[in-house]
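Could you put together the complete structure from these sequences and hints?
Under my numbering, the letters of the sequence shown match residues 288 to 708, in that order.
One should not assume that every hint holds.
Derived BS3-like pairs: lysine-lysine, alpha-carbon spacing no greater than 27 Å straight-line [as the list claims (entries may be wrong)]:
no. : residue 1 : residue 2
1   : Lys299    : Lys336
2   : Lys479    : Lys537
3   : Lys583    : Lys573
4   : Lys649    : Lys573
5   : Lys613    : Lys442
Here are the simulated distance ranges between beta carbons [what the hints assert, rightly or not]:
no. : residue 1 : residue 2 : range
6   : Asp616    : Pro315    : 16 to 26 Å
7   : Ala294    : Asp491    : 57 to 67 Å
8   : Lys559    : Gly495    : 12 to 22 Å
9   : Pro588    : Asp616    : 18 to 28 Å
10  : Arg702    : Trp331    : 47 to 57 Å
11  : Leu452    : Arg702    : 55 to 65 Å
12  : Leu571    : Asp616    : 14 to 24 Å
13  : Phe327    : Glu539    : 47 to 57 Å
14  : Gln455    : Gln564    : 15 to 25 Å
15  : Leu571    : Lys442    : 22 to 32 Å
16  : Pro333    : Gln290    : 35 to 45 Å
Hint data in this document are derived by calculation from the structure and do not stem from the laboratory.
By construction, the Cβ of each residue, glycine as well, lies at the ideal position given by its N, Cα and C atoms.
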Amino acid sequence: IIQMVSAAQRSKAPIQRLADRVSAIFVPLVIGSAALTYTFWALWGPEPKLAHALLNAVAVLIIACPCALGLATPMAVMVGVGRGAQKGVLFRNAEALEALGKVRTVVLDKTGTITEGRPHVVSLIPIDTSEDELIQWAASLESQSEHPLGKAVVKLAQERNVQILPVQNFQNHPGLGISGEINERTVSIGNKQWIENLTAIPQDLLSGANEWGEKGQTVIFISVENNLKGLIGIADPIKNSAVGAIRFLKDEGISVVMLTGDSPLTAHGIAKTLGIQEVISGVLPKDKGHFITQLKKSKGPVAMVGDGINDAPALASADVGIAMGKGTDVAIQTASVTLLNSQLDGVISSFKLSRRTMAIIKQNLFFAFFYNLLGVPLAAGLLYPLWGVLLSPMFAAAAMSFSSVSVILNSLRLRRSVSNR
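Here's what the structure looks like:
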């Protein structure tokens, strides 16, 4: 974490390139202005002309030193990234800090992002078998899977003291389900679309599954030797922080999209609870990145928030990838922003911090440019013919230092300006 923060603080935001380009033009202009100042006062200045000309030329060089211009961006980035770390938001680089403020669409994964990622079994219907036997078939096969839903079934088996049987020829079918052999019988667990290809599902069971889905439950179907043995409804509680984060994004005029591999019924049930209007459901892991690319073309800059291995392509495709700190390593490594507490209120902090940092940078750049626009003519002796006012190099140095201090103090305001509220 320390290395990530340090690297981000040393990186350059794209807006820094503006300051670099301006400095490349500004420095030769200042040297030219100093030369012209010397020439003018050496020819038409008061006696002693050469001393008078030299002091004015040196004052121009000193007061125009672009220290404030050089500090404007990196100082704000350093404070902003440090403040983010205090709030549990890690920016991988300054580019992510700047890009987040331009995002117009936020795409949210469901499991582990909107929900707690701690699912539990809430509904169960066995067919031509007992509940314990159905749980045994399901838990034995799910014990070979890393999916959070599978862990919920295994946990139920442990609570009921149901024996986990050995599995042979285990296979994972991404976005569909899993299969394997238990006691030399082929067992398949998956979504409705996949199991319907293996066996018929009675209409009354489909109606029951639809009702579970409308309540936000994920329904899995269990087939043994291509015979339907039952279905299990699994619920994953919505994070308390999700409601406030989604409301904040909508209030800011940012579109919110749910992107999930879960069934349309389950996804729309949760989306309705949270007030999410746009839902893309039933998405295979390999297709998530494609949907992000399409959203970027139609909606502009996109941020993706996810936590799983299957979210990594989408996180990489987005303009800004935001990973949950308790998510998989590949998601964290792919994302450019990490939320340490895995709560969506970190999204609020990250957006506020990005926008506030960019505002501070623009203020700093304005201060630096405005200061030089005023300081150079003054140091060159513009007021001398009118009021006899000249700026000595000593006062020019003090004024130059004050401009740098003002940029630093303005940047330090970031330390107290961002909250989750």
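Hint check results:
For the given pair, lysine 299 sits about 45 Å from lysine 336 by alpha-carbon distance, which is inconsistent with the 27 Å threshold. Only pairs whose Cα atoms come within 27 Å are accepted, and lysine 479 paired with lysine 537 is rejected, the gap being roughly 33 Å. In summary, the hint linking lysine 583 to lysine 573 is supported, as the alpha carbons are separated by about 17 Å, within the 27 Å threshold. Taken as a hint, the lysine 649 and lysine 573 pair is broken in the structure, with Cα atoms around 40 Å apart against an allowance of 27 Å.
Taking the CA atoms of lysine 613 and lysine 442, the gap is near 20 Å; set against the 27 Å cutoff, the hint holds. Judged by the Cβ atoms, the range 16 to 26 Å given for aspartate 616 and proline 315 is violated: they are separated by roughly 49 Å. Roughly 58 Å separates the CB atoms of alanine 294 and aspartate 491, a value that falls within the hinted 57 to 67 Å. A C-beta distance of roughly 19 Å is found between lysine 559 and glycine 495, which places it inside the suggested range of 12 to 22 Å.
Take proline 588 and aspartate 616: their Cβ atoms lie about 26 Å apart, and the range 18 to 28 Å holds. For arginine 702 and tryptophan 331, the Cβ-Cβ distance of about 51 Å falls inside the hinted range of 47 to 57 Å, so the restraint holds. Hint check: leucine 452 to arginine 702, Cβ distance near 58 Å, so the stated range 55 to 65 Å holds. At about 22 Å, the beta-carbon gap between leucine 571 and aspartate 616 stays in the expected band of 14 to 24 Å.
Between phenylalanine 327 and glutamate 539 the Cβ separation comes to about 53 Å, which falls inside the hinted range of 47 to 57 Å. Range check, glutamine 455 to glutamine 564: about 46 Å between beta-carbon atoms, so the 15 to 25 Å window is missed. Separation of leucine 571 from lysine 442 is about 26 Å and conforms to the stated range, judged on CB atoms against 22 to 32 Å. For proline 333 paired with glutamine 290, a C-beta distance near 59 Å fails the hint of 35 to 45 Å.
In this structure, the earlier hints numbered 1, 2, 4, 6, 14 and 16 are contradicted, and the remaining ones agree with it.
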